[in-house]
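K.L.:
Chain residues, written in single-letter form:
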Amino acid sequence: MVSVSNVTKAFGDVVAVSDVSFTVGPGITALLGPNGAGKSTLFRMLCGLAAPTRGEVRVLGRNARTDVAVRGQIGLAPQQDALFDRLSALQFVSIAAEMHGVADPEANARRMLDFVQLPADDPKPVGSFSKGMRQRVKLATALVNDPAVLILDEPLTGLDPVQRRRMIELFNELGDAGKCLLVSSHVLDEVARLGSKVLVIAQGRLAAAGDYHDLRDLMDDRPHRIRVRVDDSRRFAAALIDRGLVDGVAIGDELEINTSDVDGFGRGVAPTARELGIRLREVAPVDDDLESVFRYLVERR
Amino acid sequence: MNGSVSSTRVIAITYRVLLRQLVTKGRVIALSLIGGVVALLGWAVGQARNDEDFLPNEIIEQIRLDDAVATVTNVGFTILVPIVSLVFAAASLGDTREDGTLVYLWLRPMQRWPIVLGAWLAAITVSLPLVVIPMSVSAYLHDVGSELVIGSALGSAIGVLAYSALFVLLGLMVKNGIVWGLAYIILWEGVVAAFGSAAAKIAMRGYTSSIVSERTGVDIDIGTLAQSTAVVVPLVVAAFALWLASVRLQNLEVA
Numbered sequence: 001m002v003s004v005s006n007v008t009k010a011f012g013d014v015v016a017v018s019d020v021s022f023t024v025g026p027g028i029t030a031l032l033g034p035n036g037a038g039k040s041t042l043f044r045m046l047c048g049l050a051a052p053t054r055g056e057v058r059v060l061g062r063n064a065r066t067d068v069a070v071r072g073q074i075g076l077a078p079q080q081d082a083l084f085d086r087l088s089a090l091q092f093v094s095i096a097a098e099m100h101g102v103a104d105p106e107a108n109a110r111r112m113l114d115f116v117q118l119p120a121d122d123p124k125p126v127g128s129f130s131k132g133m134r135q136r137v138k139l140a141t142a143l144v145n146d147p148a149v150l151i152l153d154e155p156l157t158g159l160d161p162v163q164r165r166r167m168i169e170l171f172n173e174l175g176d177a178g179k180c181l182l183v184s185s186h187v188l189d190e191v192a193r194l195g196s197k198v199l200v201i202a203q204g205r206l207a208a209a210g211d212y213h214d215l216r217d218l219m220d221d222r223p224h225r226i227r228v229r230v231d232d233s234r235r236f237a238a239a240l241i242d243r244g245l246v247d248g249v250a251i252g253d254e255l256e257i258n259t260s261d262v263d264g265f266g267r268g269v270a271p272t273a274r275e276l277g278i279r280l281r282e283v284a285p286v287d288d289d290l291e292s293v294f295r296y297l298v299e300r301r
Numbered sequence: 001m002n003g004s005v006s007s008t009r010v011i012a013i014t015y016r017v018l019l020r021q022l023v024t025k026g027r028v029i030a031l032s033l034i035g036g037v038v039a040l041l042g043w044a045v046g047q048a049r050n051d052e053d054f055l056p057n058e059i060i061e062q063i064r065l066d067d068a069v070a071t072v073t074n075v076g077f078t079i080l081v082p083i084v085s086l087v088f089a090a091a092s093l094g095d096t097r098e099d100g101t102l103v104y105l106w107l108r109p110m111q112r113w114p115i116v117l118g119a120w121l122a123a124i125t126v127s128l129p130l131v132v133i134p135m136s137v138s139a140y141l142h143d144v145g146s147e148l149v150i151g152s153a154l155g156s157a158i159g160v161l162a163y164s165a166l167f168v169l170l171g172l173m174v175k176n177g178i179v180w181g182l183a184y185i186i187l188w189e190g191v192v193a194a195f196g197s198a199a200a201k202i203a204m205r206g207y208t209s210s211i212v213s214e215r216t217g218v219d220i221d222i223g224t225l226a227q228s229t230a231v232v233v234p235l236v237v238a239a240f241a242l243w244l245a246s247v248r249l250q251n252l253e254v255a
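Line by line, the protein sequences are chains A and B.
Taking this note's numbering, the leading residue of the first sequence gets 1, the next gets one more, and so forth.
Taking this note's numbering, the leading residue of the second sequence gets 1, the next gets one more, and so forth.
A portion of the hints provided could be inaccurate.
[What the hints assert, rightly or not] Residues on chain A that point at chain B, a partial pick, calculated with CB under 7 angstroms: (1) Val-68; (2) Arg-71; (3) Gly-72; (4) Phe-84; (5) Ile-95.
[Stated by the list, open to error] To give a feel for the contact side, a few chain B residues facing chain A, derived at Cβ under 10 angstroms: (6) Val-5; (7) Arg-9; (8) Val-10; (9) Ala-12; (10) Thr-14; (11) Arg-16; (12) Val-17; (13) Arg-20; (14) Thr-24; (15) Asp-99; (16) Gly-100; (17) Val-103; (18) Met-110; (19) Arg-112; (20) Leu-252.
No lab work stands behind these hints, which were simulated from the structure alone.
Bear in mind that the values here come from a model prediction, so they are computed numbers and not experimental data.
The beta carbon of each residue, even a glycine, is placed where N, CA and C say it ideally should be.
Isolated chain A (complex conformation) (with noise of 0.2 angstroms):
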């Protein structure tokens, strides 16, 4: 349904988007990436909201740059917060099913806010609207003209815990009737509930893409970087290393454990410490944050 060939996106001299290809069937794929990474520049390219500078963009087939009428296929809710604030809800969601040619926009845009759980009759304008809110909006406008193709750039960013939920059964649900949805996020626990299809994007360059619990495993097993704060740390080095249980250690006012196997480590850290009667005060990872995840990713291409 969306297909990417060799695209790239410079502004300039800054290159957002790094011959990138891939294509995308019905379901929902997430699409992974630090902040910057160029996943909303991809987006923006698949709307037609911006051309390639080299490379092809397909929906449906066809160039949403240049054909008006598959624009009416794709629901995109953009990363950025600005909505007609002096509209209310319903008037900024039925205007939006107006510009579509939607049958009786206003029963829609009804149907619509109340999928996303808003109410329809609320008076206030958008711009007094919380984030999270305002995020609803974005959705059920995305949503309003019942798109084949949905593109949904952090569309849980601002939403609490149990709107979260809702939406991401709302995207399940939207996947399992065949629809394909392309959502972006830069938090992996995220897109471990949005499905089992990611493409990972770093530094404008396609660093990963599969299945979601292949890419768990691999970045499981890459080298992990541990600091652990003991009472005795030579003591506590010696019995890890003679342990088998990583892979090297750096020894200062706390250790810096190098290991290959996580888990292991996790299982085998504490036994350790209450068989040699040492306080174990800090375990915590050293490079665990999305950002080095995404650079071994690129790294390892």
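Using the hints provided, position chain B relative to the given structure of chain A.
P.N.:
Quick look at chain B alone, frame taken from chain A:
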């Protein structure tokens, strides 16, 4: 489920949305104050009486008419008409481009030109009363006859239509359209047009001033065109600017 949207419908929707966004209390009050000053100036100039009692009545009337025309063209056509048009027209699509809401107009299965036309209509809907009313009141308060009132109303209306089209285009061409527009008003309309009739032909003020000059019979350096030319050319310029804006909107990269 979805049908096609007629161009008329797109114009109406865009008009409705953008009009709502454009009409803010701050803008309307600030620009009404400028209009009020122009009207007040008309009253002040109209009240002023020359001491030259020794001059024949018709000469005194002519002097008063000349003063009135100078006020209308120098203050009204140089400041009020372009600035009010700039504020609303540059904001109509320019603001949506800058704050990111343009995506909600752009990413719809619609042609581009009705969006531009709807934006222009929204801008002139607000600008016309804020300009034509104070200009007409100012001309009336000068108390020099109905021709100045008609010329001021017509000239300012034509000015709003043309400037608004140019500034809708400007809002799509550059960021901070207001700043660029002010530079254009001061440098081009203010300075370049003042270099005489030839230069005035490439500034909108030459056309609006010509309308007043034709109606009142007062010679103005920059207003030497026939009334028909002074009406038709700005409208042609407006149509061309709106067409360019449509092309620009089609090719724009929307953030």
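K.L.:
Hint by hint, work out which the structure violates, then give me just those numbers in ascending order.
P.N.:
Structure breaks no hint.
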